[in-house]
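Residue numbers (this note's numbering), protein chains in the order written: chain S, 1 to 109; chain W, 1 to 116.
FYI, nobody ran anything at the bench for these hints, they're computed from the structure.
A quick note: this is a predicted structure, and the numbers were derived from the prediction, not measured.
Each residue gets a CB set at the ideal place from its N, CA and C atoms; glycine is no exception.
Check each hint, because a few of them may be wrong.
[Unchecked claim] Chain W stretches covered by chain S per the calculated footprint, using a threshold of three residues with CB under 8 Å from any CB of chain S: (1) 42 to 54; (2) 63 to 74.
[Said to hold, decoys possible] For lysine-lysine, the following BS3-like pairs were computed, each having C-alpha atoms within a straight-line distance of at most 30 Å: (3) K71(W) - K42(S); (4) K17(W) - K71(W); (5) K57(W) - K45(S); (6) K45(S) - K71(W); (7) K96(S) - K18(W); (8) K57(W) - K96(S); (9) K65(W) - K18(W); (10) K17(W) - K65(W); (11) K71(W) - K57(W); (12) K42(S) - K65(W); (13) K57(W) - K42(S); (14) K96(S) - K69(W); (15) K101(S) - K79(S); (16) K45(S) - K96(S); (17) K65(W) - K45(S); (18) K79(S) - K65(W); (19) K18(W) - K69(W); (20) K101(S) - K42(S); (21) K45(S) - K101(S); (22) K96(S) - K42(S); (23) K57(W) - K69(W); (24) K57(W) - K17(W); (25) K96(S) - K71(W); (26) K101(S) - K65(W); (27) K42(S) - K17(W); (28) K69(W) - K42(S); (29) K18(W) - K42(S); (30) K57(W) - K101(S).
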Amino acid sequence: RKEVEQDPGPFNVPEGATVAFNCTYSNSASQSFFWYRQDCRKEPKLLMSVYSSGNEDGRFTAQLNRASQYISLLIRDSKLSDSATYLCVGPNRDDKIIFGKGTRLHILP
Amino acid sequence: EAQVTQNPRYLITVTGKKLTVTCSQNMNHEYMSWYRQDPGLGLRQIYYSMNVEVTDKGDVPEGYKVSRKEKRNFPLILESPSPNQTSLYFCASSPSLSEHRSYEQYFGPGTRLTVT
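Bound conformation, chain S alone (with noise of 0.2 Å):
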């Protein structure tokens, strides 16, 4: 299994539907992870972190499966501004930051 992987989608998404995506990894002894936003040329941005204990944000929630060891990313009555690639981001077996490769998400009309 890769470090952090993701599935690159696209996922395209009516506006205002709900859509979920997960990010596995293989580091068993990772405790926290984050999520970033990255629009088209631009930086990433920090979205949510990822915790045990999950962690909501409006319409963002964001998960942890330790026993599954993934991580999921679930946004609620998307947008059209909701378009934009998502990256997670987690420790791998070096305590060394991976990012994920993204999944690119493209919310619809």
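Model the placement of chain W on the given structure of chain S, informed by the hints.
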């Protein structure tokens, strides 16, 4: 305004001509890092620094140098650029050295480098 700045934003150069990309942050962050982003390969860490005068290799350090003489600055140096270093480069900083907080990174706007 709290930010990470990079210069230049765009650079076209020739093989072998030494160049430096500057990175500066005004948030008093201890942790700074350089990444390159390539299609299909995602973001890969080049070098990082936990504090002044402390630097470590990331995943793809070959062909790059860095220095951290001051807390706010973390320049990336390509002594002899080659075409395979054509990429989009991001500098980032983080407010904490603790395991999870160092993943809370603030990125600069990016430098698009082309080496011909």
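To see whether the hints hold, each was checked on the structure:
1. 42 to 54: holds (count 5)
2. 63 to 74: violated (count 0)
3. K71(W) - K42(S): 25 Å, holds
4. K17(W) - K71(W): The given pair, whose Cα atoms are some 27 Å apart, holds under the 30 Å limit.
5. K57(W) - K45(S): 23 Å, holds
6. K45(S) - K71(W): Holds - the C-alpha atoms of K71(W) and K45(S) are around 22 Å apart, at most 30 Å.
7. K96(S) - K18(W): With Cα atoms ~28 Å apart, K96(S) and K18(W) stay inside 30 Å; holds.
8. K57(W) - K96(S): Satisfied, since the Cα-Cα distance of roughly 10 Å is no more than 30 Å.
9. K65(W) - K18(W): At roughly 11 Å apart (the allowed maximum being 30 Å), K18(W) and K65(W) satisfy the hint.
10. K17(W) - K65(W): Given that 30 Å is the threshold and the Cα spacing comes to 14 Å, the pair holds.
11. K71(W) - K57(W): Given that 30 Å is the threshold and the Cα spacing comes to 18 Å, the pair holds.
12. K42(S) - K65(W): 24 Å, holds
13. K57(W) - K42(S): It holds: about 25 Å lies between the C-alpha atoms, which stays within 30 Å.
14. K96(S) - K69(W): Roughly 23 Å between the alpha carbons, so the hint for K96(S) and K69(W) holds.
15. K101(S) - K79(S): 23 Å, holds
16. K45(S) - K96(S): Satisfied, since the Cα-Cα distance of roughly 19 Å is no more than 30 Å.
17. K65(W) - K45(S): 25 Å, holds
18. K79(S) - K65(W): It is violated: about 42 Å lies between the C-alpha atoms, which goes past 30 Å.
19. K18(W) - K69(W): Within the cut-off at roughly 20 Å; holds.
20. K101(S) - K42(S): Holds. K101(S) to K42(S) sits at ~15 Å (cutoff 30 Å).
21. K45(S) - K101(S): 15 Å, holds
22. K96(S) - K42(S): 23 Å, holds
23. K57(W) - K69(W): Within the cut-off at roughly 17 Å; holds.
24. K57(W) - K17(W): 23 Å, holds
25. K96(S) - K71(W): 21 Å, holds
26. K101(S) - K65(W): Within the cut-off at roughly 25 Å; holds.
27. K42(S) - K17(W): OK: K42(S) and K17(W) at ~27 Å, within 30 Å.
28. K69(W) - K42(S): Given pair K69(W), K42(S) holds - Cα atoms ~28 Å apart, limit 30 Å.
29. K18(W) - K42(S): 26 Å, holds
30. K57(W) - K101(S): 20 Å, holds
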